Amino acid sequence: MSNVALAEKLAVIVGDRFVLQRDGDLLVYNSDGLPGYRRKPRLAVFPGSREETVAVVRALADAGAAFVPRGAGTGLSGGALADDVVLLGLHRLKRVMSIDQENLRAVVEPGVVNLVLNKTIAPLGLLYAPDPSSEAACTIGGNLAENAGGPHCLKYGVTLNHILAITALLPNGEIMSLGNPEGEIDGYDLRGAFIGSEGCFGVALDATVRLTKKPVAVRTMLADFTSVDSAAHVTSAIIASGIIPAALEFMDEATIKVVESSVYAAGYPSDAAAVLLIEVDGNEAGVSADRDAIEKICLDGGARAVKVARTEAERGRLWQGRKKAFGAMGRMAPHLVVQDAVIPRTKLAPVLRRIAEIAAANRVTVCNVFHAGDGNLHPNIPYNADDPDESERVHRSMGEIMHACVDAGGSITGEHGVGLDKIGYIDLIFSAESLRAMCRLREVFDPDHRSNPGKVVPIHACQEWRATPAGRKSPASELVAVSAESQGV
Amino acid sequence: MTIPLASAISPAADAVREVILEAFGGTIPLRVSGRGHWIDAGRPVPAKKILSLAPHSGVVDYVPGDLTITVRGGTTLREIEQIVGHERQWFPLDPYGSDDGTIGATVATGSFGPLAHGFGRARDLVLGLEFVTGDGRVVRGGGRVVKNVAGFDLVRLITGSWGTIGIVTEVTIRLYSLPPHPLTLALKVPDAPSALAQRIKSLLSAPINPLAVELLDAEVAGLVGLPCRPAILVELGGNEAAVNSQKDVIAALGGASEVFPEVWRRLRVLDDLAAGPATYPHPEPNIVLRISSLPGRVADIWNMVKKVLEPLPSARVHSSVGLGIVRCILPPSSGFETVHTLVESCPGATVVCERMPRELWPLISPSVVADKISQGIKRTFDPQGILNPCILGS
Ligand SMILES: Cc1cc2nc3c(=O)[nH]c(=O)nc-3n(C[C@H](O)[C@H](O)[C@H](O)COP(=O)(O)OP(=O)(O)OC[C@H]3O[C@@H](n4cnc5c(N)ncnc54)[C@H](O)[C@@H]3O)c2cc1C
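Chains as they are written, first to last, in our numbering: chain A, 1 to 489; chain B, 1 to 394.
By construction, these hints were calculated from the structure, which means they are not laboratory data. All of these numbers come straight from a predicted model, not from anything done at the bench. Note that the Cβ used here is the ideal one computed from N, Cα and C, for glycine as well. Be aware that one or more of the hints could be misleading.
Claimed, not checked - In silico negatives: residues of chain A with every beta carbon more than 12 Å from chain B:
1. 281
2. 360
3. 363
4. 399
Said to hold, decoys possible - Some but not every residue of chain B turned toward chain A, in silico, with C-beta under 7 Å:
5. 10
6. 149
7. 207
8. 226
9. 229
10. 295
11. 296
12. 369
13. 373
Claimed, not checked - To list a few chain B residues with every Cβ distance to chain A over 10 Å, as calculated:
14. 269
15. 292
16. 293
Go ahead and model the full structure; you've got the sequences and the hints to work with.
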């Protein structure tokens, strides 16, 4: 079907205003949260209700047209980019459909912004725990599709642990309930499979989320260190001590300098080599004891000082610097490479040393700001993509860092997803056979690869999984080597 | 240099693959088994051969500071408890039954116990696994780190799939430090059924973070060593100050006393204690059902269930109130009528049969994988249907 004909068909469903096809109108949808990638959708459609969304997806199915679901477009792996396919924007589906205070549940549409949900339930003394630093903009649908994390996921768990049920719209237009608002799952955990599927299994039309009682008491601390090594060792020591902080975040010197010279200055010590932002919560007596124990671990481990926020305003300021650090980095240079690898928590110190060596050897600036308690690194590199020499050095560093993390026993992504950006690295951690299994799972939901085509699992890994027994050869021997460069990373 | 995880195939997977390829070639249905404890769940499986994971046990990788451990599928929960206990750590999943069950079976059945209140279920605690599909492919999902979104989530897919789409040969799980100051309290339950809802509500909405909250009927209370009247058990953990202050909050609700933590272990093995007269030498397994609804409905369902079971004095009922689960353990002789009445008396709730005599399964438990997507998954990962056929209903 021609673009014009398809646009007309969709306009009948959603109204002319909500179908975009002119280059100028589509400009903002050519990119997402990750600078450096541009892909132009063939057209964009923005349904205003659940019924319209279902009708749109059915029309797309009839036309055999591929599409990319999109929430707020804050994703950091290029997951919401539509390369000459239809972009299906879901941000208008923003009703909080119900709140069940007694049972700690809420049902929300996918376009509800994470922070809006939290502001809605805060007066009830409740919170929705997963808190990506992009909470002010990102949507619950995007969170669900990426299995988003956030600073407080260290104690409370990631999106997966907070979504009980999903109404899914499959790419062929069928509606299916996954999971169970009660929490019971008898049969395959299709809810679990759908969460984190990055829009490749269909569209989440609503989600039943678990709400959490707000803790009675919170202590937020800033520990400052003159060496990265000590901060890393202290992180491992806190985790090993058995205390589960609500959050344990790490910022290095480069990040501190960027934050402090921005409008988000948080009062971090500019001469520190690293700071740890540590939060504990629970009851008043308990958090005081945890605070004392953590302060001791920090000081014994070489911290210069441990500052405790005395007021809610001080706490807010400490957090603002951390949450806005990515944004502040964005101002350092026109482009930013965002890494998201995870390593075992005892490996923090050696891996951070290795990252520093890689940065020095390639003459790039790495800003480390990350969820240290989970071992989820974000070694980010601001740069100018128009400078070919610099680009080359940045991408080489990115590859070397990824390898260092995988060698340490880690994963290529902890919360941002594979999307387009990390597709060239996925066979560092999964065999060809495992990637094929993922591909076949996707094909059960989306046989024609029409929902977010080309993301997560590289096409070469999706070759036919014949209904004959697997050979006895090691699947590793079938591994097709794909370098990051050949994927355009 | 270590072998990259991506291409590693564990010896267990290699051995399992051998058996599967043979079965696949001849289309021989297999009954997958850990240490054989669940063979008695009674689920009808027309299998020609048992594939046991028992020989494949032991630790693959354990760095205490990472609070994760990777073990082979046939490792028992007891072995894991002993190994990580040396480091003052634990795997806070306490499925009903004995600790002689294997981690592979625990993950495959998605089993859990009272601690799911504080730590989540199996699906929340498994970080990575290796499995072998019904056509002999060795696949890995997840990884060994505590946070990971790389690739589609095969870990959640396999967890709770009852060995019907893959045989779990290796598992990485999340560990926790043992709570430095554990404390178990027993709370009185008001006699009037109408007061139960209020009691549960005030406990669940109190500013406390219990690890487990379990309502016991008089029968269960007696069997775990408490006075024979209904009680609510609350398990607390954390630093001493945190625990003491929660204890004060609970004490203020009235009728609380400290009890031995041993009650939890006793509660877990109740399924296996003959309910009613045991038939020697092969006592029939009890019937175990769990009825799930929202926490706010627990009191209603509890009262309803107690009424239905009134004529059966040896029936036992307990409830993970925060999870909305009421669990009934019935003598094997209870028969279709009782089970059917129970199911019918709780409209809107989800009833999961954990154990039943073979003949009841087709009558009570319809297939839970009848939808198109589940069917597609089954066909994809077990094209000839040789893995635990019919175990999830036919
Ligand atoms: C400054 C900044 C900080 C960030 N911090 C964090 C952090 O701390 N933790 C973290 O996890 N992430 C973080 N992110 C990344 C990003 O915000 C999250 O991935 C977020 O979940 C994306 O939500 P979104 O609504 O913007 O989704 P989008 O970017 O629009 O889409 C992301 C993916 O979800 C799919 N999708 C969207 N909606 C649906 C739906 N309804 N159904 C099916 N698929 C859908 C898309 O196809 C795409 O693949 C950060 C981003 C920025 C810019």
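Checklist entry - What are the numbers of the hints that this structure violates, sorted from low to high? => result 1, 5, 8, 9, 15 and 16
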